[in-house]
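*Asks:* Residue numbers (my numbering), protein chains in the order written: chain P, 574 to 905; chain Y, 3 to 307.
Hints in this document: simulated from the structure, not taken from any laboratory.
Mixed in with the good hints there might be a few duds.
Computed footprint of chain Y on chain P; a stretch qualifies when at least three of its residues, placed anywhere within it, have a C-beta under 8 Å from a C-beta of chain Y [claimed, not checked]:
{"#": "1", "region": "692-703"}
{"#": "2", "region": "782-794"}
{"#": "3", "region": "850-856"}
{"#": "4", "region": "864-876"}
Idealized CB from N, CA, C, for every residue including glycine.
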Amino acid sequence: MTNRRGVPAPHPSAFRAAMDRFGHRLRLRARHWPWILVRTILVVGISYIILYPILVKLSVSFMSREDLYDMTIRWLPKHPTLANFQRISTLLDYGKTLSTTVLLSGASTLLQVGAAILVAYGFARFEFRGRRFLFLVVMLTLIVPPQTYSMTSYLTFRYFDPFGLLTALGIGRVSMINTPLPILLLSATCMAAKNGLLIYLMRQFFRNMPLEMEEAAWVDGAGVGRTLVSVMLPNALPAIASVLVFSFVWNWNDLYSAALYMPKMQLLPILLSTLPSRISTSFGGWSNIDFVSISVLSNAGSLLLLLPILAFFLAMQRFFVEGIERTGLTGL
Amino acid sequence: MKRKRVVSLKQAKARIGYVFVLPTLIGVVLFFGYPMIRSLAFSFSSVGITEKGIALAFAGFGNYQHALFVDANYREIVARSLLDTLINVPVITFFSFFVATLLNQKFRGRFLVRTIFFLPIVMASSALMALDQGDLLQTVMGSAQGFKESAAFGGGNRLAVLYSLIEAGLPRPVVEYIVSATARIFDIVMLSGVQVLIFLAGLQSIPRSVYEAAMIEGSTAWDNYWKITFPMISPLMLTAVLYTVIDSFTAAGNETLAIIQNTAFRNQNFGLSAAMSWLYFLLIGLLVGILALLLTRWVFYYDKP
Numbered sequence: 574m575t576n577r578r579g580v581p582a583p584h585p586s587a588f589r590a591a592m593d594r595f596g597h598r599l600r601l602r603a604r605h606w607p608w609i610l611v612r613t614i615l616v617v618g619i620s621y622i623i624l625y626p627i628l629v630k631l632s633v634s635f636m637s638r639e640d641l642y643d644m645t646i647r648w649l650p651k652h653p654t655l656a657n658f659q660r661i662s663t664l665l666d667y668g669k670t671l672s673t674t675v676l677l678s679g680a681s682t683l684l685q686v687g688a689a690i691l692v693a694y695g696f697a698r699f700e701f702r703g704r705r706f707l708f709l710v711v712m713l714t715l716i717v718p719p720q721t722y723s724m725t726s727y728l729t730f731r732y733f734d735p736f737g738l739l740t741a742l743g744i745g746r747v748s749m750i751n752t753p754l755p756i757l758l759l760s761a762t763c764m765a766a767k768n769g770l771l772i773y774l775m776r777q778f779f780r781n782m783p784l785e786m787e788e789a790a791w792v793d794g795a796g797v798g799r800t801l802v803s804v805m806l807p808n809a810l811p812a813i814a815s816v817l818v819f820s821f822v823w824n825w826n827d828l829y830s831a832a833l834y835m836p837k838m839q840l841l842p843i844l845l846s847t848l849p850s851r852i853s854t855s856f857g858g859w860s861n862i863d864f865v866s867i868s869v870l871s872n873a874g875s876l877l878l879l880l881p882i883l884a885f886f887l888a889m890q891r892f893f894v895e896g897i898e899r900t901g902l903t904g905l
Numbered sequence: 003m004k005r006k007r008v009v010s011l012k013q014a015k016a017r018i019g020y021v022f023v024l025p026t027l028i029g030v031v032l033f034f035g036y037p038m039i040r041s042l043a044f045s046f047s048s049v050g051i052t053e054k055g056i057a058l059a060f061a062g063f064g065n066y067q068h069a070l071f072v073d074a075n076y077r078e079i080v081a082r083s084l085l086d087t088l089i090n091v092p093v094i095t096f097f098s099f100f101v102a103t104l105l106n107q108k109f110r111g112r113f114l115v116r117t118i119f120f121l122p123i124v125m126a127s128s129a130l131m132a133l134d135q136g137d138l139l140q141t142v143m144g145s146a147q148g149f150k151e152s153a154a155f156g157g158g159n160r161l162a163v164l165y166s167l168i169e170a171g172l173p174r175p176v177v178e179y180i181v182s183a184t185a186r187i188f189d190i191v192m193l194s195g196v197q198v199l200i201f202l203a204g205l206q207s208i209p210r211s212v213y214e215a216a217m218i219e220g221s222t223a224w225d226n227y228w229k230i231t232f233p234m235i236s237p238l239m240l241t242a243v244l245y246t247v248i249d250s251f252t253a254a255g256n257e258t259l260a261i262i263q264n265t266a267f268r269n270q271n272f273g274l275s276a277a278m279s280w281l282y283f284l285l286i287g288l289l290v291g292i293l294a295l296l297l298t299r300w301v302f303y304y305d306k307p
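If we strip away everything but chain P, and leave its shape as in the complex, we get:
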């Protein structure tokens, strides 16, 4: 028995079973409705708190001057305009600044994640003397506030000469300030902001993976590198995805190291942290501009910082949540 499109019609009893299931769900829902109501209110309320700043920024930065002074307008501008964004993006040299920031954040992310994978694998699967101590130190780097050693760390890069090696080679001390080198070096050696957490997450994941697969690969003649690349990594993709997201977000928002090591580079967080004074300069001084315009332009500017990272997060979100659920974060 088929219907018009050639799809077999369901057996009558299947329909009744479906109706039963539906009725059961309705009865369940009826029993739980106070909780569902409370849950909905909570979820909507908290979502509103989180989204409120973004919504305000969005609403304000599209407003033209007359809309701002119009007291009847709360959220939706009557005369939407892109003028604020245009002004800010010329002020920030947005195209170039954005690409520099993306490139630098991307490069440090790749270095950090690559290094974290290697180190975490080393910690998870190899016995060597001093392993516990070294791991403890890595965790310690998370507790120490960066301000404790930022001054001396700055000096290290200002007069870069590890163990007198460069002097011995006849190059002398090298200043790395205002170049991306410090942040790239720190990323490659797992010492950039919060890198210990990446190592911790990856190590937990590797530890929870069954040993049998690796042993099988060893028996089949694969070397250590081959085992890592062809056996461990494909299975670790969810964890790698979530570590990647964390790392990129933290790099993107890391104003502190950017301002310390490369204050003169054209990076979004640096330019934005001094945006109000930049705006006033572009108008020819504080006297030529009112506070409302500065506020509106600042909001447009912070959207320009926020939107790329939001887009990245939304694109990666599916892997992110799934990955973090599987990192084995739970087995402390």
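Fit chain Y to the supplied structure of chain P, relying on the hints for placement.
*Replies:* Quick look at chain Y alone, frame taken from chain P:
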């Protein structure tokens, strides 16, 4: 005749292990250990900048004494950071645990809601924070001139609420507490992104069979929550508490970090700044140590009875 050196499998594996952790070994020595030791040396010296570079003169505990007993603000600001952390940690921990149980249930639009609840992780930008704080000032000033106060930030709204409550006859401290509590709700939501994630991961990893077995034995949902979910998640309580403590002490907006920063880079008193940050670091270490000790005794481990 040269004898070939025999390397056992264990030794070989240990060597490979060193190769794998080499990046972090280099980093810990060059970019962590060395600067830390230098900063410790700074904290016991008076630091001068000459044309040749940095000149250190040994000063004993002078910087530490200055930080603790001479500086007008340091003690008070550190105490405030500590108090803030102690208030925030339990609130954030329970809030994020609660939110995680919410997100762990099945309901329509769960994926969207999860995405929204993780946005605070993305929006934690210190550049953005600096901009918004500047903006609040401007808004209050703007509203005095009759501009759209509610537009650029809730600051205007908050002021309006404050005034209307005082006019309604409520005592001022009560009103201030209500207003600061609502302000805290915003902060707490924004600070608990990572913790929600930690708890959610934990909740997902509790095997369903445990609940099913309990249901057959006749336990209720309430029993399940307190006798299964809570103990099973307790190791993650430890993780979340420690993360919150560290995050709150080292967050970009922290006042103590600001005073350390200013002492070094604005007042050029590097020795004092180093002493202040070492004291602060010792305080954090002490607190983290105590909390870890207390909580590990209470935590339930499935595989270690």
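*Asks:* If you count the residues of the region 864-876 of chain P with a beta-carbon closer than 8 Å to a beta-carbon of chain Y, do you get 3 or more?
*Replies:* Satisfied; 9 residues make the cut.
*Asks:* Please verify the coverage claim for the region 782-794 of chain P: does it have three or more residues whose C-beta sits within 8 Å of some C-beta in chain Y?
*Replies:* Coverage by chain Y is violated for the region 782-794 of chain P (0 residues, Cβ < 8 Å).
*Asks:* Do three or more residues from the region 850-856 of chain P put their C-beta atoms closer than 8 Å to C-beta atoms of chain Y?
*Replies:* violated (count 0)
*Asks:* Verify the coverage statement for the region 692-703 of chain P against chain Y, using a C-beta to C-beta distance below 8 Å and requiring 3 or more qualifying residues.
*Replies:* holds (count 9)
Comparing the model with each earlier hint shows violations of hints 2, 3; every other hint is respected.
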